[in-house]
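Next come the chains, spelled out residue by residue.
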Amino acid sequence: MTRQLLTGNAAAAWGARLADVDYIPAFPITPQTEIVELLSRWVAERDLGGRFVTFDSEHSMLTAAGAAAATGARVFTATSSQGLLYGFEMLYTIAGWRVPLVLVNVSRGLSSPITLEADHNDVLAARDSGFVQIHTETCQEVLDSVLMAYRLAESDDIKLPVIVNLDGFTLSFTREPVDVPEPERVREFLPSYEPNHAFIRGDQPMAQGTAVLGGFAYSYFRYQLHLAQRHALEVIELQAKEFEGLFGRSYGLVESFQMDDAEYVLVMSNAFATKGKAAVQRLRDRGVKAGLVRLRVLRPFPSEAIAASLAGRKAVAVVDQNLSPGIGGITFQEVASALYGANDRPALVSVVGGLGGKNISDPELESIFKDLERAASGDSVPSPRLLYTRAEKVSMDKLLSIAGKEGSS
Amino acid sequence: MSAYESSELEAIKNLKQIAREEQILPGTAICGGCGGLEALRLAAKVLGEKTVFVNAAGCFTLLAVFPYTPLKGSWLYTNMASASAGAQGVRDALDVLIEKGKLTRDEDVNVVVVAGDGSTYDMGLSSTSAAIFRELDFWYFCYDNESYGNTGVQMSSATPYGARTSTSAVTPASREGTEHGKKNLFEIWRAHRPPYVATVSARYPVDLTNKFLKAKTLKGPKLFIAHAPCPTGWLYDPEQTLSYSRLAVDTGIFALKEAVNGDVTHTVLPKRHRPVEEYLAGQGRYRHLFEPERNERALALIQEQVDRYWEAVSQ
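In the order they appear, the protein sequences are chains A and B. Numbering-wise (this note's numbering), the first sequence opens with residue 3 and increments by one. Numbering-wise (this note's numbering), the second sequence opens with residue 106 and increments by one.
No lab work stands behind these hints: they were computed from the structure. Keep in mind that a hint or two might mislead.
Simulated pairs of lysine to aspartate or glutamate, EDC-like, Cα-Cα distance not exceeding 16 Å [claimed, not checked]:
1. A:291 - A:246
2. B:205 - A:196
3. B:205 - A:49
4. B:207 - A:196
5. B:177 - A:265
6. B:207 - A:49
7. B:205 - A:22
8. B:155 - A:263
9. B:207 - A:265
10. B:177 - B:204
To spell it out: a stretch of chain A is covered by chain B in this simulated footprint if at least three of its residues, at any positions, have a beta carbon under 8 Å from a beta carbon of chain B; those stretches are [said to hold, decoys possible]:
11. 46 to 53
12. 131 to 143
13. 165 to 177
Computed far set for chain A versus chain B, every beta-carbon distance over 12 Å [to be verified]:
14. 24
15. 203
16. 276
17. 287
18. 309
19. 385
Just so it is clear, the structure is predicted and the values come from calculations on it, not from any experiment. Quick reminder that beta carbons are idealized off the backbone N, C-alpha and C, glycines included.
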């Protein structure tokens with residue numbers, strides 16, 4: 003094992019390298035590009051066997067990725083934002099093929115307006131595709147999750163593609179110390195891929211991706227996809243325990259932070275969860291029983307684990323770094339639905355912030371806890387609450403003024 | 106195994122030399138009288154059993170409907186826009202698995218895109234251009250029935266001038282139906298300088314077979330446009346498919362040719378071309394050019410275009 007300072011992107015590339023992938027179809031897009039640049043160099047320098055090929059679009063890239071996985075290769079690819087949406091139909095197609103592709107998405111806000119920094123509307127748009135989704139907070143978790151993603155995807159009783167998500171800029175370009183395990187140790191956890199269901203071989207002809215006619219046949223395969231996803235809840239936890247035994251790092255479906263006696267809880271995901279944890283710590287110092295639940299596995303959605311963590315608390319705020327215009331935060335809906343059948347439900351508050359990489363400041367996080375105290379005592383609080391600071395409003399007014407649009411906001 | 110061993114890649118001279126063994130068996134959901142399927146049937150005899158057909162959305166997607174396939178080889182349906190990228194993924198994966206010793210050379214397959222003109226001329230062009238650019242060792246078989254046939258015969262950029270489709274209606278304001286001419290796909294492909302581009306017709310099986318045999322000796326992109334008379338869309342009796350195949354060539358509307366490393370040769374040269382009207386007249390999609398009154402201007406234009414093409418060839 004070596005300890006290196008790696009960006010989130012480099013950690014993702016190291017995950018692919020340690021998984022000894024056979025094939026990397028690629029297309030550049032900010033903020034993901036560093037991943038494929040690194041892999042391209044490693045393949046050129048023969049640090050990594052296999053083949054690196056650039057494509058004319060993410061749609062082609064994902065088609066090649068899925069087709070190579072259907073041929074029997076271990077395949078890695080990465081994209082962001084518009085790229086994920088440009089290749090979108092292939093996400094559903096590849097999941098239906100039941101091939102073990104691992105795709106890293108580096109989250110970035112979607113056009114329009116066109117922008118660069120992170121939010122989760124891109125990856126959450128893919129939540130119904132059939133891909134497993136693992137959302138990461140740290141560079142170490144990125145590397146580890148790529149390895150666990152292959153192990154899961156290639157499991158005989160799963161056979162599902164996986165998206166590993168990390169935040170653009172906040173994690174993709176942030177250097178953190180990362181333990182890079184020895185390839186031999188990785189091999190113990192992740193042996194080479196031996197496809198037994200999806201392959202192309204001259205002596206064993208097979209038709210893959212065939213059409214079905216009739217809803218009864220279509221429904222059968224779609225239900226299979228759902229059942230495999232639900233089964234993955236169990237398998238993810240078993241494999242995470244095995245991973246912990248080998249590497250000493252523990253990952254669950256959700257992560258609980260200061261939750262033992264927590265009364266007021268933030269639910270967050272990805273890199274900004276680190277800021278949420280810091281806020282929890284500050285409130286703890288002031289005697290508030292604060293805690294945080296980080297959503298790590300978004301598909302399959304661990305409803306039971308979430309309900310178990312949140313039932314009995316006084317109040318819970320789900321902080322969504324995404325926006326479904328017309329309803330609000332996306333994961334709020336899912337957390338609320340997980341809690342619906344629970345006894346002793348907490349008061350629930352929805353918060354939307356961090357769109358396009360906008361900061362969620364310390365005072366904002368702390369003000370959410372004030373909302374939680376009010377909600378717990380039965381007062382009504384705005385929900386969803388759209389975070390926007392006075393300073394941000396001043397900056398925006400300045401842009402509007404330059405654009406000759408003052409007074410219209 | 107293919108009936109054509111590598112030692113037998115010499116050009117054939119007559120029908121009897123075409124392999125008897127079928128690679129595409131009867132019993133598919135494809136329309137009776139499909140000219141494209143007949144061309145693919147002949148092509149598959151040369152390609153042999155160790156082949157994967159990488160399919161783009163279109164009529165032929167209905168070849169393999171779970172749990173049936175008429176193919177002796179393998180099949181992968183991808184999407185409409187990037188079957189060529191799918192072929193790249195398959196080819197690359199096979200190469201890497203062979204390099205790593207996970208697959209033997211004996212288990213290797215020909216990688217063949219099968220796509221209609223809607224996919225090929227329109228939304229799939231970018232991914233195919235990229236595959237040719239990367240010198241992908243693959244085959245591309247376009248069954249060109251000159252419309253989006255599977256969705257009910259809408260105009261594609263392969264629909265010829267003067268043909269009626271369900272999105273290029275004939276009205277008093279638009280007497281020709283389709284107002285634009287076909288894209289010149291052969292030249293678009295040839296501009297990429299692949300080792301092999303050819304047009305084929307099921308009514309010229311010896312020519313078709315020899316083109317696939319020749320391509321078998323070449324590494325890189327090998328691209329075929331198959332004239333695919335479509336009784337459903339062109340509106341004629343299914344038993345006349347091969348007559349229209351023949352008339353298309355005999356009138357000079359469909360030129361049988363190949364380009365080896367960019368150099369074009371016409372492989373079937375009728376001494377004298379028959380008038381284009383003989384090809385057009387019986388097809389329902391052109392009926393408005395003859396009834397209730399003849400559209401002399403349009404008919405003359407179609408004839409002129411064909412004459413001009415062949416004048417350029419003879420120079």
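Are all C-beta atoms of chain B more than 12 Å from that of residue 309 of chain A? holds (38 Å)
Just to make sure I understand the rule, a stretch counts as covered if three or more of its residues have a C-beta closer than 8 Å to a C-beta of the chain. Does the region 131 to 143 of chain A meet that for chain B? violated (count 0)
Could you grab the alpha-carbon distance between residue 205 of chain B and residue 196 of chain A and see if it respects the 16 Å cut-off? At roughly 13 Å apart (the allowed maximum being 16 Å), residue 196 of chain A and residue 205 of chain B satisfy the hint.
Can you confirm whether the C-alpha distance between residue 207 of chain B and residue 196 of chain A stays at or below 16 Å? Distance of about 9 Å is within 16 Å: holds.
Can you confirm whether chain B covers the region 165 to 177 of chain A, using C-beta to C-beta distances below 8 Å and requiring at least three such residues? violated (count 0)
With the threshold set at 16 Å, check whether the alpha-carbon distance from residue 207 of chain B to residue 265 of chain A stays at or below it. Not OK: residue 207 of chain B and residue 265 of chain A at ~55 Å, beyond 16 Å, violated.
Do three or more residues of the region 46 to 53 of chain A come closer than 8 Å to chain B, measuring C-beta to C-beta? holds (count 3)
Next pair to validate is residue 155 of chain B with residue 263 of chain A; report whether the Cα-Cα distance is within 16 Å. violated (64 Å)
Checking the smallest CB distance to chain B, is residue 203 of chain A really beyond 12 Å? violated (4 Å)
Measure nothing beyond the straight line between the CA atoms of residue 177 of chain B and residue 265 of chain A; if it is 16 Å or shorter, mark the hint as holding. Answer violated: residue 177 of chain B to residue 265 of chain A is near 65 Å, above 16 Å.
For a C-alpha distance cap of 16 Å, please report whether residue 291 of chain A and residue 246 of chain A respect it. violated (29 Å)
Does residue 276 of chain A clear chain B by more than 12 Å, comparing its Cβ with all Cβ atoms of that chain? Given that every Cβ of chain B is farther than 12 Å from that of residue 276 of chain A, nearest at about 37 Å, it holds.
The structure fails hints 1, 5, 6, 8, 9, 10, 12, 13, 14, 15 (numbered hints given earlier, in ascending order).
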